[in-house]
Amino acid sequence: MSAAFRLAKSLWRRGCLHNRHFRAFPNPPQGAEFLKKTPFFHFRVLHSLSPSPTFFVGPSVGPGTKGYPVGKLTAKKVEHAKPGSHIDGQGLMLVVSSAKARKWILRIQVKGKRRDIGLGSAADVTLSEARDLATDMRKAFKRGENPVAERKKKPAPTFRVAAEAVHIEHTKAWKNDKHRAQWLSSLEAYAFPKLGDTPINEITGPDVRDVVSDIWLTVPETARRVLQRICKVLDYGHSKGWREIETPLRSIKAGLPKQPERPEEEKHFEAMPWADVPGFFAGLEDLSATETTRLCLEFTILTACRSGESRGVRWSEIDLKEKTWTIPAKRMKGRRLHRVPLCDRAVAILERMQELRRTKKASALVFEGRTEGNPMSDMTLTQILRRAGLSCTPHGFRSSFRDWCEESTSYPARLAEKALAHAVRDKTEAAYQRGDLFDRRRELMTAWETFCFSERRAAGNVTPIRRAK
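The opening residue of the sequence shown carries number 366 in the numbering used here; numbering runs sequentially from there.
Where hints are given, some of them may not hold.
Here are the computed distance ranges between Cβ atoms for each label pair [unchecked claim]:
| hint | residue 1 | residue 2 | range |
| --- | --- | --- | --- |
| 1 | Lys504 | Gly449 | 23 to 33 angstroms |
| 2 | Lys442 | Ile533 | 50 to 60 angstroms |
| 3 | Asn511 | Gln547 | 25 to 35 angstroms |
| 4 | Pro585 | Lys504 | 47 to 57 angstroms |
| 5 | His603 | Lys504 | 24 to 34 angstroms |
| 6 | Ile533 | Ala440 | 48 to 58 angstroms |
| 7 | Asp684 | Gly734 | 20 to 30 angstroms |
| 8 | Asp804 | Ala554 | 44 to 54 angstroms |
| 9 | His544 | Thr583 | 15 to 25 angstroms |
| 10 | Gly699 | Lys623 | 46 to 56 angstroms |
| 11 | Arg480 | Gly449 | 12 to 22 angstroms |
| 12 | Lys543 | His603 | 23 to 33 angstroms |
| 13 | Glu737 | Pro693 | 36 to 46 angstroms |
Calculated pairs, DSS-like style, for lysine-lysine (alpha carbon to alpha carbon, straight line, at most 25 angstroms) [stated by the list, open to error]:
| hint | residue 1 | residue 2 |
| --- | --- | --- |
| 14 | Lys695 | Lys725 |
| 15 | Lys688 | Lys698 |
| 16 | Lys478 | Lys468 |
| 17 | Lys559 | Lys597 |
| 18 | Lys476 | Lys504 |
| 19 | Lys537 | Lys698 |
| 20 | Lys478 | Lys441 |
| 21 | Lys597 | Lys468 |
| 22 | Lys559 | Lys504 |
| 23 | Lys725 | Lys686 |
| 24 | Lys725 | Lys698 |
| 25 | Lys623 | Lys597 |
| 26 | Lys543 | Lys597 |
| 27 | Lys442 | Lys476 |
| 28 | Lys476 | Lys441 |
| 29 | Lys437 | Lys465 |
| 30 | Lys465 | Lys441 |
| 31 | Lys447 | Lys437 |
| 32 | Lys447 | Lys465 |
| 33 | Lys688 | Lys726 |
| 34 | Lys442 | Lys468 |
| 35 | Lys441 | Lys543 |
| 36 | Lys725 | Lys688 |
| 37 | Lys695 | Lys543 |
| 38 | Lys447 | Lys476 |
| 39 | Lys437 | Lys504 |
Just so you know, these hints were derived from the structure itself, not from any lab. All of these numbers come straight from a predicted model, not from anything done at the bench. Quick reminder that beta carbons are idealized off the backbone N, C-alpha and C, glycines included.
Work out the full structure: start from the sequences and follow the hints.
Printed below as a string of structure tokens:
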């Protein structure tokens with residue numbers, strides 16, 4: 366058998382020759398002459414094929430759609446084809462498995478391996494369209510592309526859809542309900558109008574910069590948060606395979622002007638001078654507020670905790686027998702479990718709240734808002750102070766506590782920082798400070814309670830908590 370005949374036979378198996386070509390071979394020696402004369406092929410092209418071609422180059426271009434050579438199939442043959450494989454040519458074939466199941470298959474060699482690629486149902490794709498698809502597919506492979514992988518890629522969602530997905534998937538990670546609501550509302554206000562309907566894979570660094578540029582100097586804190594949240598959504602898209610690159614946050618910031626420094630007095634929550642705290646406690650029961658709200662504020666100050674931690678305390682976190690409050694890591698700013706030693710007055714407050722409980726569930730809130738099961742808002746405690754004509758904030762009492770420790774006691778700063786649940790910034794120091802100094806902190810918090818009630822006790826005006834109305 367001549368080499369030309371073997372080559373022709375190989376081409377036929379690949380669907381690049383028709384049966385009539387073989388019938389034209391009177392004998393093997395004339396095979397090469399036949400190939401030279403056949404209008405469908407150029408012998409020099411066939412002869413130049415390497416033993417293991419990366420891309421198979423079939424018949425030379427002749428008449429037909431998109432330069433596709435005239436094939437064996439016709440529209441009528443496709444319509445009436447019986448079950449089996451029906452070759453059109455150049456790797457394209459119609460596979461019929463039943464009267465209604467007809468699909469187009471392109472058989473092609475890629476890097477020496479045969480691949481069968483589906484081009485769709487014959488009911489949806491005509492013969493002419495199938496030939497066009499096959500031609501485009503072969504050209505793409507020849508360019509080194511992978512059209513099959515591209516076709517399988519799911520379309521990227523819009524920025525709005527991706528942001529909502531991040532918001533839902535990170536439900537358990539939000540610090541509180543306020544943070545959860547603010548996260549999405551800030552994007553709705555600033556990002557969605559410009560990026561909401563844009564596919565996430567089409568958003569560029571300049572697009573992000575344009576969103577925050579208008580508010581970068583006017584409301585800098587909000588602008589920084591919006592920028593961080595946009596980048597979080599885009600990085601989420603990268604992790605899902607919707608974006609090929611991560612978000613260049615540093616380069617985006619480099620394209621924005623430097624924000625003005627905040628005034629020193631605006632950098633921290635306004636605090637009451639520590640020396641004024643006893644006087645505040647002396648008139649605490651005269652403040653215009655409900656008993657639950659007043660006790661919550663008092664509990665917040667006595668434990669030196671954050672407002673969100675005290676408003677969200679649940680009975681399951683309290684051990685009255687051991688006089689200990691254990692705040693789970695998920696509710697802490699630093700995401701680390703924190704134990705709080707309770708002074709006698711804090712325990713008395715909790716005992717009073719037990720009498721006021723609406724439900725005996727362990728998961729119930731200690732200081733509920735007006736609606737059962739919901740915590741009081743952060744403004745509820747602040748309003749007590751505003752009605753009293755005070756400009757300080759509930760959070761500011763943590764600063765009062767810290768200043769009192771520093772200026773009025775001999776307790777070490779490290780102990781005060783532990784009481785405030787502040788993280789140790791120095792990594793080396795943090796590696797050696799693994800204990801929580803719980804017993805020493807109990808002594809510290811008892812001293813803080815004594816200081817807070819010093820004026821009331823001096824005046825003999827400490828009302829038993831159970832008689833509070």
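Verdict for Asp684, Gly734 (Cβ pair) under range 20 to 30 angstroms: Between Asp684 and Gly734, where Cβ atoms are some 24 angstroms apart, the hint holds.
Distance restraint between Lys442 and Lys468, which requires alpha-carbon spacing of 25 angstroms or less: holds, 14 angstroms
25 angstroms limit on alpha-carbon distance, applied to hinted pair Lys597 and Lys468: Answer violated: Lys597 to Lys468 is near 43 angstroms, above 25 angstroms.
Distance restraint evaluation - Lys442, Ile533, Cβ atoms, bounds 50 to 60 angstroms: Between Lys442 and Ile533, where Cβ atoms are some 53 angstroms apart, the hint holds.
25 angstroms limit on alpha-carbon distance, applied to hinted pair Lys447 and Lys465: Holds: Lys447 and Lys465 sit about 10 angstroms apart, inside 25 angstroms.
Satisfaction of hint between Lys441 and Lys465, Cα-Cα up to 25 angstroms: holds, 15 angstroms
25 angstroms Cα cutoff - pair Lys559, Lys504: violated, 38 angstroms
Given hint Lys725 paired with Lys695 - CA-CA distance at most 25 angstroms: Roughly 23 angstroms separates the two Cα atoms, so the pair holds.
Distance restraint between Lys442 and Lys476, which requires alpha-carbon spacing of 25 angstroms or less: violated, 33 angstroms
Given hint Lys686 paired with Lys725 - CA-CA distance at most 25 angstroms: Given pair Lys725, Lys686 holds - Cα atoms ~18 angstroms apart, limit 25 angstroms.
Given pair status - Lys597, Lys559, alpha carbons within 25 angstroms: Roughly 17 angstroms separates the two Cα atoms, so the pair holds.
Satisfaction of hint between Lys437 and Lys447, Cα-Cα up to 25 angstroms: Holds. Lys447 to Lys437 sits at ~15 angstroms (cutoff 25 angstroms).
Hint compliance for this structure: hints 3, 10, 13, 20, 21, 22, 24, 27, 28, 35 and 38 are not met, and every other hint is.
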